[in-house]
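Visitor: Spelled out, the chains give:
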Amino acid sequence: MIHAASPVHDFDAAAPRRRERAIEDLRDGLARWRLAWALARSDITHRYRGSVLGPFWLTLSTAVMLAALGILYAKLFRVDIAAYLPWLAVSLIVWNTLSQIVTDATTSLTGAEGVIRQMPLPYSVHALRVVFRNAVIAAHNLPLIAVVFAFFGVLPGWGVLAAIPGFLLIAIAAFAASMFLGMVCARFRDIPPIVASVMQIAFFVSPVIWKPDMVGHWEPFLAINPFFAVMETVRGPLMGTGAGPLVWTMAIGWTGALVAGAWVFFVRFRGRIAFWV
Amino acid sequence: MAAIEAAGMAIEFPLYHHNARSLKQRVLASTPLRLKRDEDNRIVVAALRDLTFRIGDGERVALVGPNGAGKTTLLRTIAGVYEPVAGSLRVAGEIGSLIDPAAGMDPLLTGRENVVLRALYRGMTEAAGRALADEVQGFAGLNEFFDVPIRGYSAGMNVRLAFAMATAMTPEILLMDEWFLAGDAEFMARADQRLSKLVTDAEILLIATHDMSIVRKWCTRAIRLEGGRILADGPVAEVLDAAGL
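Chains E and X are the protein sequences, given in the same order.
Quick note, the numbering used here runs 473 ahead of the 1-based positions in the first sequence.
Quick note, the numbering used here runs 891 ahead of the 1-based positions in the second sequence.
Just so you know, the hints here were simulated from the structure itself, not pulled from any lab data.
Where hints are given, some of them may not hold.
Stated by the list, open to error - Facing chain E, a subset of chain X residues (Cβ under 7 Å, in silico):
(1) L906
(2) L926
(3) G971
(4) Y973
(5) P975
(6) S979
(7) G995
What the hints assert, rightly or not - Ranges between beta-carbon positions, derived for each pair:
(8) E/V688 x X/P998: 47 to 57 Å
(9) X/G1014 x E/M687: 48 to 58 Å
(10) X/R933 x E/R491: 56 to 66 Å
(11) X/S1087 x E/V481: 18 to 28 Å
(12) E/V537 x X/D1075: 50 to 60 Å
(13) X/R933 x E/D485: 21 to 31 Å
(14) X/G1032 x E/A730: 51 to 61 Å
(15) E/P638 x X/G947: 49 to 59 Å
Beta carbons are placed, not taken as given, at the ideal position from N, Cα and C, and that holds for glycine.
Given these sequences and hints, build the entire structure.
Guide: What follows is the structure, encoded as C-alpha cells:
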C-alpha cells in the first residue's frame, strides 16, 4: 500500500507514456518559476561579479554600438539621423534580444549538464531560465529606446502598448526555442556553430540596420523571414506604425510551428536528455 | 510507505561525441564485456543489466562492488535522473539524494543562500527555504562560515552542509554515495544519530560504499553489483562473507 502523501514515480520501458511525462515536466517546470528566476538572476549577477557597472555594461555597450552604427549608416544610406537613429534603436535592441535568445537556447541544456546528471528536475526549468535571463537582459536595454526617443523628441503615443503581445510572443518563442535547440544541440554538437553563423547571416538579410521599404516591391515577401515577422510585432508598435495583419499572421504562424516542433521533439526524446548532455 | 521496485531494469549509456567508427573497430575486435551494439548499431555501455529487486520500508541497503559496478548509476536511476531503456522501475516516497555534494550548489553563494536555492530546486518557496536554512544551520555546525560563499569551504565543510541539507528535508528514501565519509569524527557521530533516527522512522536508506565497516554498522541488507548485474542480494553478513569482504 502506498501512502497518499508520498510521490510515486513509476517507469516502465515497455509503456513509456511519453506524452504524460512531457506534460508533467512542463507543469512542474512552470510551477518552479521561482527556481528558474533565481538561477537566471544569479547568471546575470555572476557574469558581472565585482564589476563597477555590473549588468549596466549591457546598457552601455548597446548604447555605444547604437551611436556608432546610427551615425555611420545614416551617412551611408543618406538619411536624416533624427529619423534613422530612433528606428535603429528599436531595431537593434529587439534584434539583439532575439539573437541573444537563439544563442542562449543552444546551451540551455548542455550548460546545465552538472545539474541534469545529478538530480531529477523538470527540463522545462532550464528553458524557463533562458527566457528569464533574456528578459532581464532586455530590461537593461529597452530603456535606451526611451532615451533615444526623448533625445530626438519622438512621441509614439499609446500605440506602444500594442507591443506587449509582441513581447509575449517572443517569450513563448524563446521558451520553445530553448527547449528545441537545447535538445538538438545536446545531441549534435555541431549545431551551435551552425546556429551562430546562421544568426550572423540573418542579421544582414533581415531589416535590422536597413529599413524594410528599401527593398522596394519585395517588401511583402520580407514577412517570410521569421526573424522579421517576430521582430516587427514589437518594432511596429514601438515606432508608432503598428504591425499589420500579414506580420502578425506570419509571426504567429512561425511561432506556432516552432512550438509544435519543439513539443513533438520534447515528447519523443525527453527521456534521452540525461544521456545526451 | 516507501518502496523501490525494479524489474528487469537496464540502463545503457550510448557513447556519443566520440569517433564511433574507430571505437567500434577497437572494442568489438576483442570480445567486449560491457560494450555492445544496440539495435541502432550504436556502441553503448551496459551500465545496469537486468536488475530485479524490491526494497521495502525500514530497509538499510548497502550497494557494494568494485569501481564501475554500476552503484552510482543505480542511485541516479532511482533518483530519477536516468530513464531505464528496458524493464520497469517504481519508486514510492520522497527522495533525498546525497549522490554528489556539489550538485545544484552555487560556489559563489553562501551556505545559507545555497540552502534556499536547494529548497527552490525542490519546488519550495523562498520563505520555506529560509526557514529550512535556520534548521540546517543548527545541524551543520558551520558557525560563521554558514554566511560565507561556499567556494571558500573545505571538503569536510561541504559535506556537512550537503548532509545537513539533504537530511533536514526528512526524505522517505535517502540515497547516498560514499563521499559523506569525509566528515570529521564529531560530525560522523551526529550524522550517525541522525541517520539512525531517519531509518527508524521506517524509511529507506540506500548507500553505495567501499567501506565495509560502514556497511556492517548501518545496513541490514547488501546488494553486490558487478559489471552492472546483481551478484548477490541478502543480509549483510551473508553477502559480505560469501564475497570474502
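Visitor: Hints numbered earlier in the text: which of these fail when held up against the supplied structure?
Guide: 1, 2, 10
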